[in-house]
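Please build the complete structure, drawing on both the sequences and the hints.
Read off the chains here:
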Amino acid sequence: MNMINSLISGLSLGSVYSIIALGYTMVYGISKMLNFAHGDIIMVGSYISFCLTTYVGMPGWAALIGAVAVCTVLGIVIERLAYRPLRGTGSLSVLITAIGVSYFLQNMALLVWGANPRVFKSLFKGLEPIRLAEGQIIITAESFFTIIVCVVIMVGLTLFVHKSKAGKAMRAVSEDNGAAQLMGINVNQSISLTFAIGSGLAAVAGVLMCSAYPVLMPTTGAMPGIKAFTAAVLGGIGSIPGAMVGGLILGTIEIFSRAYISTELSDAIVFACLVIVLLVKPTGLFGKKISEKV
Amino acid sequence: MVRKKKIKAPATPKRLLKGAVKGSEYKREAFIAYAILILGYGFLQLGAGLGIIGHNLQGQFVPICVYVSLAISLNLVVGISGELSLGHAGFMAVGAFSGVVMARILETYISVSSVQLLLSMIFGALVAALAGLLIGIPILGLRGDYLAIVTLAFGEIVRNIMNVLYFGIDETGLRFAFNHTIPLADNSQRIITGAIGATGIRQKASFTAGIFLALFTLFIVLNIKNSKHGRAIMAIRDNRIAGESIGLDVKKFKLTAFVVSAGLAGMAGALFAQNYSTLAPIKFSFNTSVLILVFVVLGGIGNIWGGIIAAALLTILPEALRQFADYRMLTYAIVLILVMIATYNPTIKSTLQMRIHKVTSRIKKRRKETGKEVA
Chain A
1 MNMINSLISG
11 LSLGSVYSII
21 ALGYTMVYGI
31 SKMLNFAHGD
41 IIMVGSYISF
51 CLTTYVGMPG
61 WAALIGAVAV
71 CTVLGIVIER
81 LAYRPLRGTG
91 SLSVLITAIG
101 VSYFLQNMAL
111 LVWGANPRVF
121 KSLFKGLEPI
131 RLAEGQIIIT
141 AESFFTIIVC
151 VVIMVGLTLF
161 VHKSKAGKAM
171 RAVSEDNGAA
181 QLMGINVNQS
191 ISLTFAIGSG
201 LAAVAGVLMC
211 SAYPVLMPTT
221 GAMPGIKAFT
231 AAVLGGIGSI
241 PGAMVGGLIL
251 GTIEIFSRAY
261 ISTELSDAIV
271 FACLVIVLLV
281 KPTGLFGKKI
291 SEKV
Chain B
1001 MVRKKKIKAP
1011 ATPKRLLKGA
1021 VKGSEYKREA
1031 FIAYAILILG
1041 YGFLQLGAGL
1051 GIIGHNLQGQ
1061 FVPICVYVSL
1071 AISLNLVVGI
1081 SGELSLGHAG
1091 FMAVGAFSGV
1101 VMARILETYI
1111 SVSSVQLLLS
1121 MIFGALVAAL
1131 AGLLIGIPIL
1141 GLRGDYLAIV
1151 TLAFGEIVRN
1161 IMNVLYFGID
1171 ETGLRFAFNH
1181 TIPLADNSQR
1191 IITGAIGATG
1201 IRQKASFTAG
1211 IFLALFTLFI
1221 VLNIKNSKHG
1231 RAIMAIRDNR
1241 IAGESIGLDV
1251 KKFKLTAFVV
1261 SAGLAGMAGA
1271 LFAQNYSTLA
1281 PIKFSFNTSV
1291 LILVFVVLGG
1301 IGNIWGGIIA
1311 AALLTILPEA
1321 LRQFADYRML
1331 TYAIVLILVM
1341 IATYNPTIKS
1351 TLQMRIHKVT
1361 SRIKKRRKET
1371 GKEVA
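Each protein sequence line maps, in turn, to chains A and B.
The first sequence begins at 1 in this note's numbering and counts up one residue at a time.
The second sequence begins at 1001 in this note's numbering and counts up one residue at a time.
By construction, these hints were calculated from the structure, which means they are not laboratory data.
Using N, Cα and C, we set each Cβ at its ideal position, and we do this for glycine too.
Each hint should be verified, as a subset may be incorrect.
Partner residues are not named here, just some residues of chain A that face chain B (Cβ under 7 Å, in silico) [to be verified]:
1) I99
2) G100
3) N107
4) A268
In C-alpha cells, the structure reads:
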C-alpha cells in the first residue's frame, strides 16, 4: 500500500515537472535555445497567485487565472526584449542572456517580496482527500487535481499543435525557420506565441507545485526548473509526449528514492538515471535521430 | 621601388595541422594573455602595497586568480573543443575536497606550507582529471545540448554526494562514511562533515600562488591550442565529419581536452578551498558552473585573454557594486543582459565595426599622407 501511495505522490510531482518541461521543450523546439529563466517564471507565477489571494482576497481559481495572465505577458516581454535581439547568433549567447534574465527575475523577487519564505495557501484547501481500499490508499486533493490538470493540458496542447492553424505554424517554424517564413508564416508571432504558452503553463505548474509543497522563496523555481529541463531531455527535447513521459518518470523516481533509498541522495539518483538513459539512447526516449548529411 | 606583395597560401587542412597558417596569431594571443596576467598581478600588488586597494577587494585576489584559471580551462572545452559544459564546478569541487584531505594528511609529514599547498593542488588535479576521464569516456559520444545536460547532471551528482560525505582522520588512519557521523578516536579530527563541508582548513593560498596557478593553466591551454593536437581538436569542432574523414579520432581528441580541462579545474578548486577556513558543498552548485561559463562567453568564446578579463572584472563587479546594496545583483543581471546584447546583436555589432573601421582607415590615411610629406 505504501508503494501505491508513493506512486501517486510521484505521479503528482511528475505531473508538475511535465507541465514545466512542456514549456522547455516547446521553446527549445522552436528557437533552439535552453531557456534557463523558465524556472523563475514558475516562481513569479506562484508569487502573483500568493499576492492575489492574500492581499486582494481573490478566490484561488481567479488568482490562478491572474497568475497565468501575468506570466504570459512576462514571457512575451522577455522574449521581445532579451532574446529576439540575439536570434540567430548561436545558442550560447542566448543561453547566457537567459541566465541573466533568470538572475534578474530572482533578484527582482527578492526586492519585491523579500528573502523570507512565505507559506503558500493551497488552491484546494478544504477539499477532503480521496480514500480507497478502506483508507489505506490516500489521494490528496492536490495530487488528484495536479494529475488531472496535467492530462488535460497534455491533450489540449497536442490537439492545439496538430489541429489549429497557429499550432501548425509553430511546428513549421520549429522544423525549418527559413522555409516557414517563405510560406508566409509570421515567425516572430509564432515564437511569441510559444513563449506565451510556455510561460502560462509555468504559472499553472508553479501554483500546483506550491499547493503541494507550500514554501515560497525567490529561489523556489530554480531546482524544479533544472529538473524539468532534465525531464525534457530524458524524454527527448523538442518532443511534447517526451516531455510528459520524462516528467512522470522523473517525479516517480524522485519520490521512490526519497522513500526507499535516501532523502539526501534523491537528486543524485534522478540525475544518474538521466545519464544512464542518455547512454543507452543518446537522443532521449522520444527524440528524433537526425542523420547528418555531408 | 616596387614592393612585392606577400601572397598568403590558402589554408588547406594539411597546412592548418602543420600550424603554418596562424602561427603569428597564436604568438600575439599568447603575448596578450601573459601580459594581462603579469601586469594585472603587478598593478594589484602595487595597489595593495600603496593602500589604494581596500581590504574587501584584497580578499578577492585569490578568488580572482581561481576564476581566471577556471575561465581559461573551461575555454579549452567550450571554445577550443566546442562542447558546452555546465558542470565545471563539479570538477572544481572534486579537486577542492580531495585537495583539502590531502593537505591535512601532508601536514603531519611536511612542514613547509607552500610544498603542502603545491602537492595538494597536484593531487586535486589528478583526482579531478580521473573524474573527468570516468565521466568523459561514456558521454563524449553525445552531441550538443545532450552533452550539456549530462555535465549539468554530473555537477549536481557531485554536489549531492559531497552533501552526505563524511571524512575523518585518527590514529588508525583515514575514515570515511556516507550519511552518518563516523566513529573516531578521542583526539581525532573531522575533515569533511556532510553539508557543512570541509572545516578547519589551514589557509595557505596566497595571491602569488594564485597567479602561478593562472599562469600554469594558461601555459597548458595555450600549448595545447598551438599544438598539432589542438589544431586537430579545432578542426573537429569546425567540421566533425570533415575531421573524421581525414582520419582524426574524434573521441580521443575531445576526451583529451575534457580531461585536461577537468584536471586544471580541480587544481583551481584545491587552491580555492585553501583560501577559506570552511568550505560548504553549496559553493559548487550549478550557479558556479554557470558563472564560469558566463566568463567564457562574455570574453568571447575561444578568446582566452577575453575570458581572463571577463573573469577578473565580473569577480570584482559585485564587490564594486556593494554600495548599491540590495540592487547589487539586480544591476549585475541587467549589465550581463545588456553586454550580451551589445556584443552579439548583429545590428549593433556591425555599426560598431563600421565605426572602428572608419576610425582606423582615417588613421591609416593620415599616416600615408604624412609619410608622403616626409619623403
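Tested hints:
Taking 7 Å as the C-beta cut-off, the interface hint given for I99(A) holds, the closest approach to chain B being about 5 Å. A distance limit of 7 Å between C-beta atoms decides the matter here; for G100(A) the minimum to chain B is near 4 Å, and the interface restraint holds. For N107(A), the shortest C-beta to C-beta distance to chain B is roughly 4 Å, which falls under 7 Å, so the interface hint holds. A hinted interface residue such as A268(A) counts as satisfied when its beta carbon comes closer than 7 Å to some beta carbon of chain B; here the least separation is about 4 Å, so the hint holds.
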